[in-house]
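Number of protein chains: 2
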Amino acid sequence: MKRLKEKILKEGLVLSEDILKVDNFLNHQIDPVLMQEIGQEFAKQFQQESVSKVLTIESSGIAPALMTALELGVPVVFARKKKSLTLTDSFYESKIFSFTKQEINTVVVSKKLLTNEDRVLIIDDFLANGQAAEGLIEVVKMAGAHLSGVGIVIEKAFQNGGARLRQAGIRVESLVEIASLANGQITFK
Amino acid sequence: MKRLKEKILKEGLVLSEDILKVDNFLNHQIDPVLMQEIGQEFAKQFQQESVSKVLTIESSGIAPALMTALELGVPVVFARKKKSLTLTDSFYESKIFSFTKQEINTVVVSKKLLTNEDRVLIIDDFLANGQAAEGLIEVVKMAGAHLSGVGIVIEKAFQNGGARLRQAGIRVESLVEIASLANGQITFK
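First to last, the sequence lines map onto chains A and B.
Each residue of the first sequence is one higher than the one before, starting from 1 at the first, in the UniProt record's numbering.
Each residue of the second sequence is one higher than the one before, starting from 1 at the first, in the UniProt record's numbering.
Do not rely on the hints blindly, as some may be mistaken.
[As the list claims (entries may be wrong)] Here are the simulated DMTMM-like cross-link-like pairs (lysine to aspartate or glutamate), alpha carbons at most 20 Å apart as the crow flies: (1) B:Lys101 with A:Glu58; (2) B:Lys111 with B:Glu134; (3) B:Lys81 with B:Glu71; (4) B:Lys21 with A:Glu58; (5) A:Lys81 with A:Glu138; (6) B:Lys21 with B:Glu58; (7) B:Lys81 with A:Glu58; (8) A:Lys7 with A:Glu37; (9) B:Lys111 with A:Glu103; (10) B:Lys141 with B:Glu117; (11) B:Lys82 with A:Glu103; (12) A:Lys81 with B:Glu58; (13) B:Lys101 with A:Glu93; (14) B:Lys112 with A:Glu11; (15) B:Lys82 with A:Glu58; (16) A:Lys112 with B:Glu103; (17) A:Lys7 with A:Glu177; (18) A:Lys81 with B:Glu103; (19) A:Lys82 with A:Glu138; (20) B:Lys81 with A:Glu103; (21) A:Lys111 with B:Glu11; (22) B:Lys112 with B:Glu37; (23) B:Lys111 with B:Glu138; (24) B:Lys189 with B:Asp18; (25) B:Lys82 with B:Glu138; (26) A:Lys82 with B:Glu103; (27) A:Lys101 with B:Glu177; (28) A:Lys82 with B:Glu134; (29) A:Lys101 with A:Glu134; (30) B:Lys21 with B:Glu11; (31) A:Lys21 with B:Glu58; (32) A:Lys101 with A:Asp18; (33) A:Lys101 with B:Glu58.
Hints in this document: simulated from the structure, not taken from any laboratory.
Quick caveat: nothing in here was measured; it's all calculated off a predicted structure.
Could you build the full structure based on these sequences and the hints that come with them?
As structure tokens, this is what we get:
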């Protein structure tokens, strides 16, 4: 996606060989028009899949997932990182390790929101080591739902998450793949 | 907002005299079309305010805030509940007590994303005791920005947050005001 690449080059900050900061338009401040275009692109890529539900994880996944769901005309569910007092239902539960935050999060999805009749498209902002995506895939499996694929805004292709998911036969579509962040330089694949 | 009231009556669950669960369309599963209508309604109500930025707090505020920002043609910033490793800038910081989760969250907003030239519209999913809104207002003040107003999807009018904000001269627009949740009944104001 050309405009996303331009935005990354213009406003992305390389913090280390592993960390690209895109707080300006993706995960702290959000550019709604760019997000709408991202949603349209994912909807186009997965339009043959008869998706019935978009699944993501709070918080940075919500914006691209919501725009994708709007385009596809289906609801979006975001996995929550902690049990809230209003989450009284039984739920699917999965543990996800975050390298960025160096913590394990238990994410939960209410059972009533995902069933074995659903065809699920997972959307997230980043794919690096693949932990978040795998946690969400586990939830889809627990529900007995069909996994239509995984849509990622920015894939760090130099980390192994994407390769592992694709080797497992999962369709992964990344709008932008970054080959390297070495020497403070953003190199696309 | 008629469609929102209908949705609340049809899918909202009264968990106690204080807690209304709207996980089906607002804060776990999201109805994107309803959210788009909510964004259009807030944009209409605040269109005279020359809003330059929408401000909300993760996670449930993101969807209505994003749709409002899309309509207004401005960016949205969501306050983050915890310092991430990629939040290296200096930031505005505010403490917010959550009654639902019974915990204090420190929320942060990067200083570069909010300046004294901004005209800020705060959007959130719920207004009850007003802690979240007041925390965000504190951030707006720290930035020296202008507060254009506060847009709330569902106000629990039987709690005192809305009254306190309005007494302080702040414009608060709630799409739905709930007068009572007593006896398991949802009563609109």
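Hint check results:
1. B:Lys101 with A:Glu58: holds, 16 Å
2. B:Lys111 with B:Glu134: holds, 18 Å
3. B:Lys81 with B:Glu71: Violated - the C-alpha atoms of Glu71 of chain B and Lys81 of chain B are around 26 Å apart, more than 20 Å.
4. B:Lys21 with A:Glu58: Holds, at about 18 Å.
5. A:Lys81 with A:Glu138: holds, 15 Å
6. B:Lys21 with B:Glu58: holds, 18 Å
7. B:Lys81 with A:Glu58: At roughly 12 Å apart (the allowed maximum being 20 Å), Glu58 of chain A and Lys81 of chain B satisfy the hint.
8. A:Lys7 with A:Glu37: Satisfied, since the Cα-Cα distance of roughly 13 Å is no more than 20 Å.
9. B:Lys111 with A:Glu103: Violated, at roughly 25 Å.
10. B:Lys141 with B:Glu117: Within the cut-off at roughly 12 Å; holds.
11. B:Lys82 with A:Glu103: holds, 12 Å
12. A:Lys81 with B:Glu58: holds, 12 Å
13. B:Lys101 with A:Glu93: Satisfied, since the Cα-Cα distance of roughly 18 Å is no more than 20 Å.
14. B:Lys112 with A:Glu11: holds, 13 Å
15. B:Lys82 with A:Glu58: holds, 13 Å
16. A:Lys112 with B:Glu103: With Cα atoms ~27 Å apart, Lys112 of chain A and Glu103 of chain B exceed 20 Å; violated.
17. A:Lys7 with A:Glu177: holds, 14 Å
18. A:Lys81 with B:Glu103: Holds, at about 14 Å.
19. A:Lys82 with A:Glu138: Given that 20 Å is the threshold and the Cα spacing comes to 17 Å, the pair holds.
20. B:Lys81 with A:Glu103: holds, 14 Å
21. A:Lys111 with B:Glu11: holds, 16 Å
22. B:Lys112 with B:Glu37: With a Cα-Cα distance of about 30 Å, the restraint between Lys112 of chain B and Glu37 of chain B is violated, given a limit of 20 Å.
23. B:Lys111 with B:Glu138: The given pair, whose Cα atoms are some 13 Å apart, holds under the 20 Å limit.
24. B:Lys189 with B:Asp18: holds, 15 Å
25. B:Lys82 with B:Glu138: Holds, at about 17 Å.
26. A:Lys82 with B:Glu103: The given pair, whose Cα atoms are some 12 Å apart, holds under the 20 Å limit.
27. A:Lys101 with B:Glu177: violated, 38 Å
28. A:Lys82 with B:Glu134: violated, 23 Å
29. A:Lys101 with A:Glu134: holds, 17 Å
30. B:Lys21 with B:Glu11: holds, 9 Å
31. A:Lys21 with B:Glu58: Holds, because 18 Å separates the two Cα atoms, which is no more than 20 Å.
32. A:Lys101 with A:Asp18: This hinted pair holds, its Cα atoms lying about 13 Å apart.
33. A:Lys101 with B:Glu58: holds, 16 Å
Going through the hint list in order, the structure does not satisfy hints 3, 9, 16, 22, 27 and 28.
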